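Asks: Residue numbers (this note's numbering), protein chains in the order written: chain A, 1 to 469; chain B, 1001 to 1469.
Hints in this document: simulated from the structure, not taken from any laboratory. Computed from a predicted model, the values in this text were never measured in an experiment. Careful, some of the hints might be misleading.
[Claimed, not checked] Among the chain B residues that face chain A by a calculated CB cut under 7 Å, a handful are: (1) 1080; (2) 1196; (3) 1241; (4) 1321; (5) 1331; (6) 1335; (7) 1336; (8) 1338.
All C-beta atoms, glycine included, are put in the ideal place defined by N, C-alpha and C.
Number of protein chains: 2
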Amino acid sequence: MSGEDAPAQQQNAVDQKQETKPAEEPKAEPAKTDSPPAAAAEAAATPAATTEKAPEEETFTYRALVLTGHGGYDKVKLQVKKGKPTLKAGEVLVRVKACGLNFADLMARQGLYDRMPSPPVTPGMECSGLVEAVGEEVTDRKVGDKVMVLNRFGLWQEVAVVPASHTFLIPEGMSFEEAAALPVNYITAYMMLFDFGNLRPNQSVLVHAAAGGVGIAATQLCKTVKDVTVFGTASASKHETISQGGVTHPIDYRTKDYVEEVRKISPKGMDIILDPLGGSDTHKAYNLLKPMGKLITYGAANMLAGQKKNLLAVAKNWYHQFSIHTLSLIQGNKSVCGFHLGYLDGETELISQAMNIILDLYKEGKVKPRIDSTWHLEQVGDAMRKMQERNNIGKVILTTEPMPEEEKKEEPKKEDKKEDKKKDDKKKDDKKKDDGKKEEKKDDKKKEEPKKEEKKEEEKKEEAKKEEK
Amino acid sequence: MSGEDAPAQQQNAVDQKQETKPAEEPKAEPAKTDSPPAAAAEAAATPAATTEKAPEEETFTYRALVLTGHGGYDKVKLQVKKGKPTLKAGEVLVRVKACGLNFADLMARQGLYDRMPSPPVTPGMECSGLVEAVGEEVTDRKVGDKVMVLNRFGLWQEVAVVPASHTFLIPEGMSFEEAAALPVNYITAYMMLFDFGNLRPNQSVLVHAAAGGVGIAATQLCKTVKDVTVFGTASASKHETISQGGVTHPIDYRTKDYVEEVRKISPKGMDIILDPLGGSDTHKAYNLLKPMGKLITYGAANMLAGQKKNLLAVAKNWYHQFSIHTLSLIQGNKSVCGFHLGYLDGETELISQAMNIILDLYKEGKVKPRIDSTWHLEQVGDAMRKMQERNNIGKVILTTEPMPEEEKKEEPKKEDKKEDKKKDDKKKDDKKKDDGKKEEKKDDKKKEEPKKEEKKEEEKKEEAKKEEK
């Protein structure tokens, strides 16, 4: 399937009027004072969520990623939007610097996440940036504040309008990338471990996908409690990193039966299991619980097989979906919890409480988001692929920073800067021709092909193994 | 059905050699020193659990309640057992003073509780008493220790052999009755609220059967956390008592729809719901949870309709048994937990931890078991009836204290001491004739009949209401 991938489409981005760092040294940005909202709004572009456009401000444009339909990576396209925002009471306009990718975004692309409206829609549940305008009745945010944002969707764009209560001040010393990596993963991990899980000293926790965003956050949070033993599943190549991050027992789920491995070390099982997989893995988790153990399921990653909706995988996941009777819970003295931050968006107070504790832990140096890679908006397809194919260790980030011409190829911004010059030279020749650009991307794709073929092989093996389980 | 009740059968109890207070001033009891186990054993009788009998000590006898078959109240009979105990390493022999009644005992009588072996068997999960002998390797208990005991079954008798790890020292100032009332209810309430429930300040808790043993314990424990709001269901006549005990909002479930009543006061629902009912009430509880709410189900009291197994009630409970899919849990951000102390009997450490905290709270005056009534072993049938028909407020207790001749009728020991003399006179006439005694009990029963008929009426109404729900 990866052979069919088209790159995220870039539309007329060259027409943009933005600076490289538009929010930090903007031409028309208001001073960091309590300037009237009208002045602030002048400098801002209309976010997708605000449908009314002010005709007098059509010169204001911004780039936005838009999910144009359900399907593969190419369904998320980069578009330029025009217009100026109308802030309602309680809202702020944020000039976005970096965005986090989450599994829910991948599910949404395939049409598997009901908290995202139908396409066309801008995905994105978290970002960081600068407050560029504040609506009426906003008292705790001001223009110039560095904030991280948590929203149901709509944050993968250069400007976003959100309720002020969905923003959190970025502490001293935290980068925009870290700030974009933090909200979803750390609030999810925190609420699962400390609200549902009630994690206490000497307990044992099984963290699936321990090298993923939630996995790394959960491992760090486990380490804030005395003598907690963390069992973490990840492919072998990631074991060194997750061990350094605090996983006591890394388990290669691709080559070993993780249930057996856990039982070898802890015959009685686990106190807490975090399950992002769903399907048959939830059954295994339930059976692996100690008395008074807690299974917290927070996803159905097993449903994601390939880049488009895989009906077989979805059906299999539904078929194997875990269902539990109270009698079994009573006789086992067990707890089964479900968590998804996307369905908690009305619970501002609960979320703020968790966030405040997490930020305190950050300031104490006890937690720190790990960035896997940072990608330009133009590269969102490959960013999604990296996450979906489980090739990341930590968070996959999008930056709104414009892509330098010499980097306009499909590598992540930071990882592959030192690539050979030949491609760059070729790109410069092609850069004015749209068709040429598409050709160029296909060439790049071909170069990536072998790596992907290997991955597909691995993926198939994994699939086969899962079926055996 | 109550018309069929025969009293708990008393067999040759007049032959017993026990003193009125055998363990406190025993003839042959060892001094409260580290006397050798052999000397201690001489004074002890063989418990049911120890099948080997020492022929030389057959003069030692003790009374035991025995479930002789599944069915009504009359299936629990008082028998006299002979023989001397053989303590294994780690065990202690306890001279029982008082025993607690629990719902599991009622379920077991009907054959609905699989943690109790098949009849004949002595029921009883908790008791209090004095250590009368210690086995080898017991280092933390000595003869004369006042203890409370938690065991899977077998404690409704005058002497019991249990692992020393199943005993807990009774703190200063706690009566034997309180000590027999404490373990099951308080450990259950504590682990549900603080382990699964993770109760925190400002939360709301719905406690069903708030006047029952667990309900009263849960209410007291809720009050140890700041600003917790307790909603408690109970029939109207018990509201004053439970309000004094700490229930913020008492709800009469017999005349009102408790779901509506809760929603009126707390439209968003509850943070924690303790559900001893099962069946359709578990569904209601699930729907009444707030986001991040926890439903903790710990019984199936709805199965108990009438004194014998009611197949319709059992079937209905099974039919309505709550079953939950993970997708619903995830979308609701909810937790469903099952708890039953009877299935936790291997978890000595978990239980000890909870017990130590509870005993500290007792010493601080923050919790105190409430005794509803105390009954002699001969009265176990009526004791069970009182609990099963929900006429108790607090704990129903059995005492091993021999029943004074003038009290040998079916009233609880403490509640009805000032009854008219006529019955006592009659009893004295009859006391040597076994047949006569049975007649007398039937007479007493007839006097109770009208009260019971009323109760049956109420019960029917309640049944009808439950079916409507």
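Asks: Are the hints correct? Go through all of them and say.
Replies: Now for the hints, and whether the structure bears them out:
no. : hint : verdict
1   : 1080 : violated (35 Å)
2   : 1196 : holds (5 Å)
3   : 1241 : violated (28 Å)
4   : 1321 : holds (6 Å)
5   : 1331 : holds (5 Å)
6   : 1335 : holds (4 Å)
7   : 1336 : holds (6 Å)
8   : 1338 : holds (3 Å)
Hints 1 and 3 from the earlier list are contradicted by this structure; the remaining hints agree with it.
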